[in-house]
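Visitor: What follows is each chain in one-letter form.
4 protein chains.
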Amino acid sequence: MQKITLLIHCKDQKGIIAAVTSFISKVEGNITYLDQHVDVEQNVFFMRLEGEFSLKTDFVAVKTIFEQTLAKDFSMSWNFYISGVKPRMALFVSKYNHCLYDILGRFSAEELNVEIPLIISNHNDLKSIADQFNIPFYHIPITKETKDEGEKRQLELLKKFEINFIVLARYMQIITPKMISLYENKIINIHHSFLPAFPGAKPYHSAFKRGVKIIGATSHYVTDALDKGPIIEQDIVRVSHVNSVADFIMKGKDLERTVLARAIKLHAERKVMVYENKTVVFY
Amino acid sequence: MQKITLLIHCKDQKGIIAAVTSFISKVEGNITYLDQHVDVEQNVFFMRLEGEFSLKTDFVAVKTIFEQTLAKDFSMSWNFYISGVKPRMALFVSKYNHCLYDILGRFSAEELNVEIPLIISNHNDLKSIADQFNIPFYHIPITKETKDEGEKRQLELLKKFEINFIVLARYMQIITPKMISLYENKIINIHHSFLPAFPGAKPYHSAFKRGVKIIGATSHYVTDALDKGPIIEQDIVRVSHVNSVADFIMKGKDLERTVLARAIKLHAERKVMVYENKTVVFY
Amino acid sequence: MQKITLLIHCKDQKGIIAAVTSFISKVEGNITYLDQHVDVEQNVFFMRLEGEFSLKTDFVAVKTIFEQTLAKDFSMSWNFYISGVKPRMALFVSKYNHCLYDILGRFSAEELNVEIPLIISNHNDLKSIADQFNIPFYHIPITKETKDEGEKRQLELLKKFEINFIVLARYMQIITPKMISLYENKIINIHHSFLPAFPGAKPYHSAFKRGVKIIGATSHYVTDALDKGPIIEQDIVRVSHVNSVADFIMKGKDLERTVLARAIKLHAERKVMVYENKTVVFY
Amino acid sequence: MQKITLLIHCKDQKGIIAAVTSFISKVEGNITYLDQHVDVEQNVFFMRLEGEFSLKTDFVAVKTIFEQTLAKDFSMSWNFYISGVKPRMALFVSKYNHCLYDILGRFSAEELNVEIPLIISNHNDLKSIADQFNIPFYHIPITKETKDEGEKRQLELLKKFEINFIVLARYMQIITPKMISLYENKIINIHHSFLPAFPGAKPYHSAFKRGVKIIGATSHYVTDALDKGPIIEQDIVRVSHVNSVADFIMKGKDLERTVLARAIKLHAERKVMVYENKTVVFY
Numbered sequence: 001m002q003k004i005t006l007l008i009h010c011k012d013q014k015g016i017i018a019a020v021t022s023f024i025s026k027v028e029g030n031i032t033y034l035d036q037h038v039d040v041e042q043n044v045f046f047m048r049l050e051g052e053f054s055l056k057t058d059f060v061a062v063k064t065i066f067e068q069t070l071a072k073d074f075s076m077s078w079n080f081y082i083s084g085v086k087p088r089m090a091l092f093v094s095k096y097n098h099c100l101y102d103i104l105g106r107f108s109a110e111e112l113n114v115e116i117p118l119i120i121s122n123h124n125d126l127k128s129i130a131d132q133f134n135i136p137f138y139h140i141p142i143t144k145e146t147k148d149e150g151e152k153r154q155l156e157l158l159k160k161f162e163i164n165f166i167v168l169a170r171y172m173q174i175i176t177p178k179m180i181s182l183y184e185n186k187i188i189n190i191h192h193s194f195l196p197a198f199p200g201a202k203p204y205h206s207a208f209k210r211g212v213k214i215i216g217a218t219s220h221y222v223t224d225a226l227d228k229g230p231i232i233e234q235d236i237v238r239v240s241h242v243n244s245v246a247d248f249i250m251k252g253k254d255l256e257r258t259v260l261a262r263a264i265k266l267h268a269e270r271k272v273m274v275y276e277n278k279t280v281v282f283y
Numbered sequence: 001m002q003k004i005t006l007l008i009h010c011k012d013q014k015g016i017i018a019a020v021t022s023f024i025s026k027v028e029g030n031i032t033y034l035d036q037h038v039d040v041e042q043n044v045f046f047m048r049l050e051g052e053f054s055l056k057t058d059f060v061a062v063k064t065i066f067e068q069t070l071a072k073d074f075s076m077s078w079n080f081y082i083s084g085v086k087p088r089m090a091l092f093v094s095k096y097n098h099c100l101y102d103i104l105g106r107f108s109a110e111e112l113n114v115e116i117p118l119i120i121s122n123h124n125d126l127k128s129i130a131d132q133f134n135i136p137f138y139h140i141p142i143t144k145e146t147k148d149e150g151e152k153r154q155l156e157l158l159k160k161f162e163i164n165f166i167v168l169a170r171y172m173q174i175i176t177p178k179m180i181s182l183y184e185n186k187i188i189n190i191h192h193s194f195l196p197a198f199p200g201a202k203p204y205h206s207a208f209k210r211g212v213k214i215i216g217a218t219s220h221y222v223t224d225a226l227d228k229g230p231i232i233e234q235d236i237v238r239v240s241h242v243n244s245v246a247d248f249i250m251k252g253k254d255l256e257r258t259v260l261a262r263a264i265k266l267h268a269e270r271k272v273m274v275y276e277n278k279t280v281v282f283y
Numbered sequence: 001m002q003k004i005t006l007l008i009h010c011k012d013q014k015g016i017i018a019a020v021t022s023f024i025s026k027v028e029g030n031i032t033y034l035d036q037h038v039d040v041e042q043n044v045f046f047m048r049l050e051g052e053f054s055l056k057t058d059f060v061a062v063k064t065i066f067e068q069t070l071a072k073d074f075s076m077s078w079n080f081y082i083s084g085v086k087p088r089m090a091l092f093v094s095k096y097n098h099c100l101y102d103i104l105g106r107f108s109a110e111e112l113n114v115e116i117p118l119i120i121s122n123h124n125d126l127k128s129i130a131d132q133f134n135i136p137f138y139h140i141p142i143t144k145e146t147k148d149e150g151e152k153r154q155l156e157l158l159k160k161f162e163i164n165f166i167v168l169a170r171y172m173q174i175i176t177p178k179m180i181s182l183y184e185n186k187i188i189n190i191h192h193s194f195l196p197a198f199p200g201a202k203p204y205h206s207a208f209k210r211g212v213k214i215i216g217a218t219s220h221y222v223t224d225a226l227d228k229g230p231i232i233e234q235d236i237v238r239v240s241h242v243n244s245v246a247d248f249i250m251k252g253k254d255l256e257r258t259v260l261a262r263a264i265k266l267h268a269e270r271k272v273m274v275y276e277n278k279t280v281v282f283y
Numbered sequence: 001m002q003k004i005t006l007l008i009h010c011k012d013q014k015g016i017i018a019a020v021t022s023f024i025s026k027v028e029g030n031i032t033y034l035d036q037h038v039d040v041e042q043n044v045f046f047m048r049l050e051g052e053f054s055l056k057t058d059f060v061a062v063k064t065i066f067e068q069t070l071a072k073d074f075s076m077s078w079n080f081y082i083s084g085v086k087p088r089m090a091l092f093v094s095k096y097n098h099c100l101y102d103i104l105g106r107f108s109a110e111e112l113n114v115e116i117p118l119i120i121s122n123h124n125d126l127k128s129i130a131d132q133f134n135i136p137f138y139h140i141p142i143t144k145e146t147k148d149e150g151e152k153r154q155l156e157l158l159k160k161f162e163i164n165f166i167v168l169a170r171y172m173q174i175i176t177p178k179m180i181s182l183y184e185n186k187i188i189n190i191h192h193s194f195l196p197a198f199p200g201a202k203p204y205h206s207a208f209k210r211g212v213k214i215i216g217a218t219s220h221y222v223t224d225a226l227d228k229g230p231i232i233e234q235d236i237v238r239v240s241h242v243n244s245v246a247d248f249i250m251k252g253k254d255l256e257r258t259v260l261a262r263a264i265k266l267h268a269e270r271k272v273m274v275y276e277n278k279t280v281v282f283y
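Chains as they are written, first to last, in full-length UniProt numbering: chain A, 1 to 283; chain B, 1 to 283; chain C, 1 to 283; chain D, 1 to 283.
In isolation and in its complexed conformation, chain A is listed as follows (with noise of 0.2 Å):
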């Protein structure tokens, strides 16, 4: 058995599911799994459908019989993948360890279904961590000065690596609107507040300052506008007048770690799909 997993979004349009279907049954696929979703204020269409077909199938003639056929009748927007092959994964850090060590503990447990080739930080104090899990770790320094030089270096690193999908594990540098097109919807960014809540620096002193009694974690796709992506999974832990700033700090580190680990999961399992700066999360 060989599995596929296909994602689609057009216009909404009559007949679309039973097309695609109709299409699966005819060259052979048994659907596993199917799940739609129709944005009725945009009109749009989404679909994720995993199937089942036998070793012998030609997925290159199945493709381009979709690609002649359907996806041309309705103008769809769609990707193919086949199961078993692996997302490879950049990681991105700075200082901050705890969501590299819970990332790299959840892929050495093999919870995460992808590869990760390299580590890139613009510091060096996390070297030791990806010495232990025995990562490639690329120290590239970012000064004013250097920017440009670091960023063509990272990318020369990340194209060498056949990057799938780029996430920053509190990396603490702005990511250019030069990168964010090359990976578009690609890059993960984990924002230690609850998103639109407190975005840019320091969250957790202002949450501590404002009262509130509940503080968040926000997991997005990077977009030029800072901290304003795509959301694709969010998480909360309550706070009350007992909670120090330090502690804060503490309750968050633990939100950011399951929600950053919760968004990689989805994506590298392709469950997210990306329209008009919101999602759509199969799950």
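Check each hint, because a few of them may be wrong.
No more than 20 Å apart at the CA atoms, straight line, and that leaves these computed lysine to aspartate or glutamate pairs for EDC-like [to be verified]: (1) B/Lys278 x B/Asp227; (2) A/Lys186 x A/Asp224; (3) A/Lys202 x C/Glu41; (4) D/Lys251 x A/Asp254; (5) D/Lys86 x D/Glu110; (6) D/Lys265 x A/Asp247; (7) A/Lys11 x B/Glu52; (8) D/Lys228 x D/Glu184; (9) A/Lys209 x C/Asp224; (10) C/Lys11 x C/Asp73; (11) B/Lys271 x A/Asp35; (12) D/Lys265 x D/Glu111; (13) C/Lys271 x D/Asp35; (14) D/Lys26 x D/Asp73; (15) D/Lys95 x A/Glu111; (16) A/Lys228 x A/Glu184; (17) A/Lys265 x A/Asp35; (18) C/Lys14 x D/Glu50; (19) A/Lys186 x A/Glu151; (20) C/Lys160 x C/Glu149; (21) A/Lys26 x B/Asp73; (22) D/Lys178 x D/Glu145; (23) B/Lys265 x C/Asp254; (24) A/Lys278 x C/Asp247; (25) C/Lys209 x A/Asp235; (26) A/Lys14 x A/Asp39; (27) A/Lys3 x A/Asp35; (28) B/Lys11 x A/Glu52; (29) A/Lys3 x B/Glu41; (30) C/Lys95 x B/Glu111; (31) A/Lys95 x D/Glu111; (32) A/Lys14 x B/Glu52; (33) C/Lys251 x A/Asp39.
What the hints contain is simulated information worked out from the structure, not anything from laboratory work. For clarity, every value in this text was computed on a predicted model and none was experimentally measured.
Starting from the known structure of chain A, fit chains B, C and D onto it as the hints suggest.
Guide: Same frame as chain A, but now just chains B, C and D:
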């Protein structure tokens, strides 16, 4: 426009989704929502579909065709509901008033898509609430001696008022196998614990004694096995050593209210399917 | 037995707890609950204490001694409440009925330790609910022209009915600085977002547009700065791409109900203290 | 400054708080935190107090006075900890690696205030993780025949390394009454269900079979009665019909990690007191 909801379950087979969605296209319907689930272990297929049809559509004809073609070909169990026809719900209560106030408040605020033709109680205590909300109240005392007679009277009322489903809003009597068989998967109970922990009487006292850090409530369909029916919805709330049994009860009331209201809503909107003592809940 | 609640805050100093607890011992009281908090940043001490006294205790004398000794020595702000005297709460409403039904349901179920002498509204829509629960309802229309006159009438009623605190159960008018200063930290609002995200009008629409995965509700004391007062309680619920704005609103209603009810309970049981636009909430 | 933590429990009596806080004042300490609890049913008083003392304070003398006066007068059970002395924790593991990775990651990120002198396992599978984090690993196989011998070896190591408490990070062997009595309320287990539901083996399979909508994890002290010890912490996560047993297990891993880490933190920071098979947890 007329809206319909179609619920289907049957043995999982190739091509079901294609067949159903093609059928809807053929009878000039537009699918506005479709969710499906395959229970891989049991090899059962479940589908919930919402569609829009023109006002001229002859649903009797549509249903007949469906019956004679797809339903037959795939050996389907199926239900077809025309939206706008509200299910008729009977409330059974005893002496606790919090769920009753909550349900009648939501009903009055038009949050529940039901009719409530009557309230039945084995005590007279809550009659004034029924009066306050202008719902007919039937006091049918139940003692060992009058149990059979009482149930007979209950069944007559349920029949007379054309009741579709029953909600036990903290009704403190065991429902007999006879009534259960007449309203299979149509009697909703709220149990004040996180089932399967603490079935039976006095769950808050047991939870307190055990020193749990979280208490819960569970809404389920009533079956012959006490507190063992298919679970529709559960929720929890944190407790601590600070809380007394009385606090558990008070916090629990909030849970009971919310969980029961959600279960009623899900059932009334035909989002729940039962199979092998479990529920498929299409949110 | 008579029960009392004592709330204290003052500059943090050595020996306060010893002094207060010794005092209670000396006047023959038994401490049944004590919680305290030190705001290290602001160097402020907060205490909440519950105690039992014999029926013969002369509380006027006790309070006088406390005033002239400890309260003076430590420059305390303090409040002394005799349990059993229920605070008197005014409800302000407009057209939304879900919070009103919920509060009156809980009040009737004796879950809220308050008196509700009156409901004030700028519309007549909810009068029938007030009638249903037998609470006096005052319709005071507010237009640009009648704003001053309306407020004058409101203040007269609040005074006449000896109101201790006001609950805005989705009251759709701005409260004036005058009323706020007369009822400082005594006007409780429910805002239908997870503040500080989405203050102001139409938060559910904004949340939908931003594509958040969690929505919230916030209960806070009203201050002159809109939606910026001290937060008493917050809670959240998950949403997904499946949910429309209408779903957000429906799920939000459940949150608003629950969060407001909890805030009312906490305030009525004198568990909330305000300092520097934040609350200390002793659960 | 030196910081201390004082834990007390005894029969509830008038004047305890006054006596203790006066004592701290008298020995020149400053109370920075105090929380207390009265179990009204059992008539037991619990207190947790943190204080600051000058560097010159002679704690041996302070403890002696406390012992001979207050502790005697009130028949107290008490513990006095000087902050900065980290408790020494032994990890017991078998084959599951997710909790081990998580604990060692947090330990390395300096989130846990403990020493970890050794890891003991009945299998050799996780040795490489211990090596990776540079913690001594002792492989002590346990079979029916070697059980006594193995335990003897375990106890020798615990003694040799001056272990204060033991964490069973998914250790798949029953702890004997002998070891339990030597480390009473000092062995922390993580059970992968929402106890008391689903004790014993394969709780995720049982939860799946029962069709629950929420699964949980529970951390508790080990007692002779399997999965019946005092509960320290619990948490839950939602599941639905979409989730397979494998999904339950994966979601559960996240819960197990988090709940166990919280329990370790609470225990290491001396925030947990045990009484009558329940815990008082001072957050």
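Visitor: Which earlier hints turn out false for this structure, listed by number in ascending order?
Guide: none
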